[in-house]
Amino acid sequence: MKPLTVNFRSKAALTLADAQIQQSIEHVYTGFFKGRLTAAGDTPEWEHLRTKGKAIKDHTIAHLDYYLNMLADNVEKNGGSVFFADDANEARKHIIDLAHEREIKTVIKSKSMVSEEMGLAEAMTDEGFETVETDLGEYIIQLANETPYHLIAPAVHKSRADVAKLLDDDYKDGDRVPDATELTMMARKKLRGVFERADMSVTGVNFAVAESGSIALVTNEGNGRMSTTVPRVHVAVMGMEKIVPSIQDLSTMLRILIRSATGQRISTYVTMVNEARKADEEEGPEEFHLVIMNNGRQKLLEDPQMRESLNCIRCGACLNACPVYRKVGGHAYGWVYPGPIGAIVSPVLTGLKDASNLPSASSLCGACHDACPVKINIPRMLLELRYRTAEGSADKDERTSSAKERGIWKMWRIGMMGRKRFDMGARLAGLALRPLSRGGWLKKAPPPISGWTSSRDFPSISSSSLKSKLSKRAGRSK
Amino acid sequence: MPDNSSTTTHPDRVTLFASCMVDQLAPSVGESSVDVLEHLGVQVDFLDDQTCCGQPAFNSGFRSESRPVAERFVELFEQVEGPIVVPSGSCAAMVRNYYGDLFRGDPELIERAARVGVRLFELTEFITQFFGTDAISGSMETSATYHKCCHLLREIGVNDEPIAMLSNLDGLEFSELERADVCCGFGGAFSVKMPDISSAILDEKLDYIEATGSDTVVAADTGCIYQMQGGLRRRGSDVKVVHIAEILAKSIRNASSAGTSK
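First to last, the sequence lines map onto chains A and B.
Each residue of the first sequence is one higher than the one before, counting from 18 in the numbering used here.
Each residue of the second sequence is one higher than the one before, counting from 62 in the numbering used here.
Same shape as in the complex, but just chain B (with noise of 0.2 Å):
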């Protein structure tokens, strides 16, 4: 569980695990936490080799086929020492708290993993742990709402920390999600799989989005980002759905190029 206090010693160097889909569908999160991190005075490597962590293929039942991809991601950040920064909770949830059941009868294996998973951050339970949530102003003019995503709600313990990080930022308009915390219905290929039921949840999403009348809904997750803007587009409405990182590195940006700032 993340502490909402920072702490007096932070890492200066960590590692981007960019994800898949961050890394071939959103690469403005992945640059925009690379933003963030270097604000907070974090130089980043990024391993040039990396591709997945293996849950889509896990989440699907296809064990066999996700399990070398997850070998390769432990292979190759074991390789690197020092903490590792991932701009999505599923991501670092499916290596946290699943890579035991993929590699079940493998103890060494599960031991490696394990080894990596106690490294690997989601990017705001790491500037929650180790900077604060009041480590990052900035100034964005937009009325903005805040979805959390389940598997860093549920699997990883980040709350309402990124509605902390929000509230700092100067000229940001925050209304609450009603149910903010019920999933918008993405789940991965279910969302493929059964597109009525997951159009059906994302529904009662948007409804709850548009009643709040904010021009930007946060996320943190890319997967659900998707859906949400996918859906809300569909529905002919102009309000983005953006990551966490994308906002705050447009904030800091914001604020220094006004002159207030950094």
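Isolated chain A, as found in the complex (with noise of 0.2 Å):
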């Protein structure tokens, strides 16, 4: 997928205007958010897993090396392959020669973020091959040639009016607004055939299990499970670093993922692949591939500030929490990984340069921190990326920030270097403002704080300070 995250300003205006979205998106706090303070509350060791889940991720990215050569080791033992693709490219690439190989028609899809990454579903069916998502809200996606909005719920922006129009071409706008079983319905109406015909499929990978060479997969569709089962051929996609060294460890992870995804205690459907049909054996795929993409993850790994945020297990609980996300919506990220996780981990993987406003667009609140189930600091991320920016990164083309900018922070530095210069440089600006100040307020401000007035007034700054005031009371001043 081409990055845009150049756009995000307009793009997240564009968002802002929009009243439907807006309404649409409230779902990821009332549901998700909501449901998963309810199921942390109901789980009296959730701080402990929380630590645990952590722990295990920290130990398996730190030593990712060693269990990438184990899982790859025991999928091949268990008669799979396994494709390690440096990039997007690579990875599509043997996907579809596959295919080809394998003389495919119909290709159906589960939810996979790393398949976004790669723009697989475009691809495949830009080399003729039929291919359909099968995961409910990528569909949604798909019939309105859009891209995930969310992590875990990919239409979350969309209503119900605008999947019935999707999903239905004879559905026109003042029609009774079917319900989500209804919806839910006509799409599997739509998509039985396609599974019953389709000889491949494309997984998303939620954890492999090194010490197994397994797959875990959750859905609450089982539009995931269909697709492990029916089409003659499986591949699976993982980034690199969605990887557990044992099943114990998965069971931590699958414990707070789910919580902190949808607030379930588990999914409708979770899923353990271990292999292609045996020969004794009816049913199930005739082959298993897994590929496992790096495309850019190694830089995070390589980065002492950033390596963290492999740690992520794609929950979605961040969005959730993020009152900028909340806002200004999935697309304005402009890259696969929406939200704060998104607005650390796209600069690195995609490139900093253009992505400069991700990182700032935060008002560090740290709401996403308090809810990350492996408790990924991304606030101090956003803030190492903000420091690159500004003045920190190595590749002059990544420090973006304008010389008005540097001036402004230069002459704070001069001005907070002495009392009397802070003093004074208030007392100036006091009298500067105080023609354009009514009743302690100001309506309009000139820059660089005429932002904040376009919607907030700014209060005056005050005649004296708070020093010159306590020196006034006797005995108190050092």
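Each hint should be verified, as a subset may be incorrect.
Unchecked claim - In silico lysine to aspartate or glutamate, DMTMM-like type, Cα no more than 20 Å apart, as pairs:
| # | chain 1 | residue 1 | chain 2 | residue 2 |
| --- | --- | --- | --- | --- |
| 1 | A | LYS71 | A | GLU319 |
| 2 | B | LYS301 | B | GLU239 |
| 3 | A | LYS437 | B | GLU132 |
| 4 | A | LYS489 | B | ASP109 |
| 5 | A | LYS486 | B | ASP109 |
| 6 | A | LYS392 | B | ASP242 |
| 7 | A | LYS51 | B | GLU169 |
| 8 | A | LYS460 | B | ASP109 |
| 9 | A | LYS489 | B | ASP106 |
| 10 | A | LYS489 | B | GLU99 |
| 11 | A | LYS316 | A | GLU107 |
| 12 | A | LYS427 | A | ASP440 |
| 13 | A | LYS51 | B | GLU132 |
| 14 | A | LYS206 | A | ASP216 |
| 15 | A | LYS437 | B | GLU136 |
| 16 | A | LYS486 | B | GLU136 |
| 17 | A | LYS486 | B | ASP110 |
| 18 | A | LYS460 | B | ASP299 |
| 19 | A | LYS94 | A | GLU228 |
| 20 | A | LYS110 | A | GLU147 |
Derived by calculation from the structure, the hints in this document are not laboratory data.
As the structure is a prediction and not an experimental result, all values here were calculated from the model.
Put the two chains together into one complex, using the hints given.
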């Protein structure tokens, strides 16, 4: 998928002005966010599980080579094939070549953000394969020719009427809006035939288990399980960080993933795949292929300040908690991963130069850090990327701060390095703003604070500092 | 994490770190902090040379500009002993949780900063830890709600303690704020750099504030207070946003002038 991170501001503005999307996106708070809080509250060992989850991921990422080799060995022992793809192009080409070799006609996909990185569905369609998303949300997005809006709820921004229009060509504005069950039945009817004729599936991987060579899939619709059982060729795609050492670790990670994602204690389906059909078995795919993709993750791994982002298990909890995501929506972030996690990984995976607005688009409220099941300190990494953008990057193309900005902060520093300057600066600013002030507030302020007064009054600067006020109180100042 | 119970011994002398915003924009918050601490029997010192902790430039990424200001803060406050109290969770979080990143590569400075950091308390955290949330009696005839400022809540760990303090005031009718722990959209330079997003977040906050029907919103960080007050004024609302130090100090005064307390 081509990164469009550079368009953050304009995309955000469109979403802010879209009342329907603002209403639809509320669900991530009222549904997912509150669901997570309830599920966590009902789990007495919740904080212990988070600590354990973080420890598992820290350990695995620190020994990633070792566990990836173990995984590959075990998948092959189980009779599957493993392909390490250095980037999205290599992964896509490998899968398309495989489909040609096996004379595939119809490919069904279950949900996978890694396949979005590859732009896989679009590329396979262009190659002449009938390629259909079978996750309901992804299917809606495919019909709408859009990209996913949310890590676990790709079509969360669509109203039921929007979905009805996409699923039923005869649906007109003003017709009765079908309920969720009716919409699901409409999709099911359209998808059932596709499932029957599919000869290849591409699924994601929620976790790969190194010690057994298995993959685990977490879904609520069953389409994922059907994708791993019906077609004759099953290809699973994963980012190279989506790995846990053991089945015991998987158990911990599933508990925190599912509670954090939807607030369920367990999803309707948790599917484990170890191997293709054995000689004495009657059902299941004939072949199992695992594609493990790097696509920039090595950069995160080699970057001590950003490495923790590889601990992400893609639950979406940080999106649901984020006040900025809930206003600007998923498309503003311009690449596969939206929200706070997108704001830290997209700049590294796709380039900080064009993505410099992403780490800036945060009030640093910390709700993401609080919500993360593996305690990723996202605000710390947002600050790190702001530093690189402002002045810290070794690559000068990535240092995109303006001369004006640099000048403002230099002036600020000079003003803060001595009490006399600090007082003088404040009094001068106060005098400059005084003509604009009415009753202690300004309706319109000059740059660099003009942005503030577009929607808020700005306070006048006090005519005397706390220091001078306190010095008038006897015996307190030092 | 603050403990709700008071301890028998408490510091009788502290140094106030005003924060740059309180010092120059909202000195009444600083004066109120002094009043509240003195009411609790704590002598308050003020270092005249203080300016800022360095957070604004740090949060904007300009660490080379932030660092000398932060170093200056450490040098100044390591000259005094005993607790340092600041009426801002955000500044307390900067010193305690982010100086390590700012001073990366200088372990000696990180160590010095940490020694200052462990002595630094946000005002309501300090009151809770050493005196308890029921230590201040006072009287205030108003209806009020409380917004949980993000850094105080999530970086410092003060949650419902200020609400307990407000509930202890005679005449104050408290209403819970829906989504009290969701950000007001301030975020320092974010509020100016991305005003459209900041304002959209604020709008939701103000809707919930107005839904409480309260005359007063209490919060504990000046930036958030100006964000909410600035937005309410633009809406034409009469709701007042005040710092917890201000409402506590005024309640103490009200009670003592009525001769009912102290």
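To test your reading of the hints: which numbers does this structure violate?
Structure breaks hints 7, 8, 13, 16.
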